[in-house]
Amino acid sequence: MRSSTGCSGLRACWDDAGNTPGSSPYLCPMSSELDARQTAVAEGFGFFDDWSDRYEHLIELGKELPALPEADKVEEALIRGCQSRVWLHAALDADGKVRFRADADALITRGIVAMLLQVLDGLTPAEVAGAELWFLERIGLQAHLSPTRANGLEAMVRAMKLYGVALQARATS
Amino acid sequence: MNATVRALFPALAGTVHGRPLVYLDTAASALKARPVLEAERAFLETDYANVHRGVHTLSQRATDAYEAARETVQRHICAARAEEVIFTSGATDGINLVANAWGNAHVGPGDVVLVTRMEHHANLVPWQLLVERTGARLAVVELLESGELDVDDFQEKLKLSPKLVAFTAVSNVLGTVNDVAGWTRAAREVGACVLVDACQAIAHGGVDVAGWGADFVVFSAHKVYGPTGIGVLYGRSEVLADLPPWRGGGDMIDQVDLERGTTYAPPPFRFEAGTPHISGAIGLAAALDFVAGLGPAAVAAHEQRLLDRAAAGLAAIDGVRLIGTAPHRIGVVSFNLGPHAPYDVGTLLDARGIAVRTGHHCAQPLMKHWGLPGTVRASFGVYTTEEEVDALIDGVQRAARVLG
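Residue numbers (my numbering), protein chains in the order written: chain A, 303 to 475; chain B, 3 to 406.
If we strip away everything but chain A, and leave its shape as in the complex, we get (with noise of 0.2 Å):
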């Protein structure tokens, strides 16, 4: 997720050593909102050491996602890469911002889509198409976003990211 490939406006928070915004001496103005999202988000997890912890705020994060409505849950909205199923749906509001609608069948994947959810909802396409998401290796889920893991962690990031890139060119359109 470090890659700034497709950031437009937005940089890349890292700086040579990889630090993350909290230590970096990089200003990324154009992303602020963005990191206090992520902030908070890595705040939530405050510092479990153990995995079952780790899980069970996921799944409280889970619980608490409002549920899609059946008629939402259609094959078109499926991501594939999840071992659990996991639909996605986005629009743009009156404002120009991106709304994600999301759910999963496992409370586990809920979480995760509910982290995201945080993370990217409500932000510009341009923001979400180049969004760097350093707050899943704060958070300890880094690990998870290999494409072979079965959460798939990783096409939820990149469904998201690709719904960015295709509001960002109708919005210009």
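Hints are computed from structural coordinates only; laboratory data are not their basis. Check each hint, because a few of them may be wrong.
Stated by the list, open to error - Label-pair distances were calculated between CB atoms; the ranges are: (1) B:Gly340 / A:Thr474: 28 to 38 Å; (2) A:Arg382 / B:Thr48: 31 to 41 Å; (3) B:Gly213 / A:Glu439: 33 to 43 Å; (4) B:Val153 / A:Glu439: 55 to 65 Å; (5) A:Arg382 / B:Pro12: 35 to 45 Å; (6) A:Lys365 / B:Gln366: 21 to 31 Å.
As the list claims (entries may be wrong) - Some chain B residues flagged as far from chain A (calculated, every beta-carbon gap over 10 Å): (7) Glu40; (8) Asn102; (9) Glu147; (10) Asp346; (11) Gly406.
Since we're looking at a predicted model, the values are computed, not measured. Idealized CB from N, CA, C, for every residue including glycine.
With chain A held as given, fit chain B onto it using these hints.
Below, chain B without anything else, positioned relative to chain A:
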């Protein structure tokens, strides 16, 4: 089984998320036994060279070891002759070999290939490809609610005079043990060729090709504490004699002549094109020796105790539903926890160091029978302890509380 056996598996000394590894995914792949690792290593260090070609001493030693491995397999699966043992890259490779070499020669438009709903995808997709290729059709033996095959349906489907019947000896999802000898006899009475998937049976209950009477039997070494990338296709010598080759290459030929055409080696070499997984064959032989040394009856009794303990303990948890309740089961227990996704249960167990399999277990048609997206599956091996089974039960109880 005891601590001595457990000490032979180096992987069990490992930790996961800071906790001791509780490995309950043996049905997917068994951990590797030290005698297997040592046999492979010793061979690679002192006797390794290519086989069947060299006049030099090392190549002859490697050939001797490779062919001795074939004889070891022959002995353990009760085959009449070593030539009936073909080394493959695994069970999937063996089934594809039969579907192509035997299938292309014997299956034509309108013919029936009979499989069961219990099969692993490896024993379904090669047959689907065969019937698509040849204009034949697939028929399926259905399941009973217990997870046993429906014998009446089997008898009914045999009236279709299938050219080939392919079924598993033991279900990888449900643990159901099938009546291999009885089914084989019935299928051969209607003139069908019979292939048995023995991937689970090889480590749980054993393989007896003479007693079974099947034409083909396949298994993978990694299911029986051996290496990956090596497996066995047993073929009855009468069937192998006329079987054309599937893959071409070195080692499988008699004479290669660009003008008059090429002639092929006799079985088993006709079906082993290219340099084989030589050290894998050595490891497989060591693995079969290892299990035989433990005593098949003692292994079966140990695994039965574990299965009974797991099934009883899990069934007592509020919301747990066991999938597959056939009276004769071995090696695996499949279940779901209330409405919760198998993924959630498996992930919470992993956080406690407990390795189980979740999902459809490469058996989607079987899942469809129960309308399930998947199950949680715990599977046992010679190294599994009752304490580990109790850790599983405790882990599922905790998961039930967390998931609510």
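Against the structure, the hints come out as follows:
1. Between Gly340 of chain B and Thr474 of chain A the beta carbon distance is about 48 Å. The supplied range of 28 to 38 Å is therefore violated.
2. A hinted range of 31 to 41 Å for the beta carbons of Arg382 of chain A and Thr48 of chain B is inconsistent with their spacing of about 48 Å.
3. Between Gly213 of chain B and Glu439 of chain A the beta carbons are some 57 Å apart, a value that contradicts the proposed interval 33 to 43 Å.
4. Taken as a hint, the range 55 to 65 Å holds for the pair Val153 of chain B and Glu439 of chain A, whose Cβ atoms sit roughly 56 Å apart.
5. For Arg382 of chain A paired with Pro12 of chain B, a C-beta distance near 37 Å keeps the hint of 35 to 45 Å intact.
6. Taking 21 to 31 Å as the suggested C-beta distance range, the pair Lys365 of chain A and Gln366 of chain B conforms, at roughly 29 Å.
7. The beta carbon of Glu40 of chain B is kept farther than 10 Å from every beta carbon of chain A, the shortest such distance being approximately 31 Å.
8. The Cβ of Asn102 of chain B sits about 30 Å from the closest Cβ of chain A, beyond the 10 Å cut-off, so the non-interface label holds.
9. Every Cβ of chain A is farther than 10 Å from the Cβ of Glu147 of chain B; the closest lies at roughly 24 Å, confirming the non-interface assignment.
10. With a cut of 10 Å on Cβ distances, Asp346 of chain B falls inside the contact zone with chain A, its closest approach being about 5 Å.
11. Gly406 of chain B, annotated as away from the interface, has a beta carbon of chain A within 10 Å; the closest lies near 8 Å.
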